[in-house]
Amino acid sequence: MRPSCLNLTLLAAASLLAQAGYAQHAPVAPLAPAKVAVQPAASAEALGRPVPPRAAAEAGLAAMPAGNQARPVMPQPLYLANSCIIVGSSLNTINPQSIENIVVYKGEDIPVRWRTATANGVIDLTLKPGVKIRSVSLARLKRRQHLTGPVRFELDGRPLADTSLRIATAAIQELVMGAADNSGAGKVLNIKLVPWNSEPSKHQPGTILIRGVAGR
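Residues -20 to -1, 1 to 196 (mature numbering (1 follows the signal peptide of the UniProt record, and there is no 0)) make up the sequence shown, in order.
Some hints could be false.
Pairs of lysine-lysine residues, derived as DSS-like cross-links and limited to a Cα-Cα distance of at most 30 angstroms, are as follows [unchecked claim]: (1) Lys122 with Lys172; (2) Lys112 with Lys122; (3) Lys172 with Lys108; (4) Lys112 with Lys172.
None of these hints come from the bench; they were simulated from the model.
Using the sequences and the hints given, assemble the complete structure.
This is how it looks when you write it as structure tokens:
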């Protein structure tokens, strides 16, 4: 399997999250083809001519500014390695030959300890023995910020109930510290992951940015 095949394999696994079912092993049966709306063919005389906005509206075509054609971002599931490390977009750095198994969880099949951290399912990768991912524990992140007392951890704004999870250092974009809330925790530490398909960072790999001031 070539390294470029990893995204294709996981894309097939992620497609399971939009279907009914239980925790499954990828790959699975292919999805049914999507329905495609076919517009009436243009006449030969109209080819190569700009279409006025009014004509486009009458033809049922959605007018879109040339500078606003951004590629849609597919909601991402929670990617884990060995059920203990949140890998996020650093998944792209994992050699496909290092993956031994892939398990997909959706809905009620997601283990309870992970449900609050994702709205789009979980893809858990089992790596071959000896494969290492540089990561950091939540307790260490707490110590780095000199936080004391109860702390509620969040992952991209979602409660992270399983405090035994580690975070791949290459997947962390920044740490956002907040004040006390109604959960009983004295402080909130939100771990923001590097977005998928984001612009290249100006910082060294593994650099963690800190934003916000925690109440003392």
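Quick rundown of the hints versus the structure:
no., hint, in the structure
1, Lys122 with Lys172, "14 angstroms, holds"
2, Lys112 with Lys122, "23 angstroms, holds"
3, Lys172 with Lys108, "28 angstroms, holds"
4, Lys112 with Lys172, "22 angstroms, holds"
When held up to the earlier numbered hints, the structure conflicts with none and fits them all.
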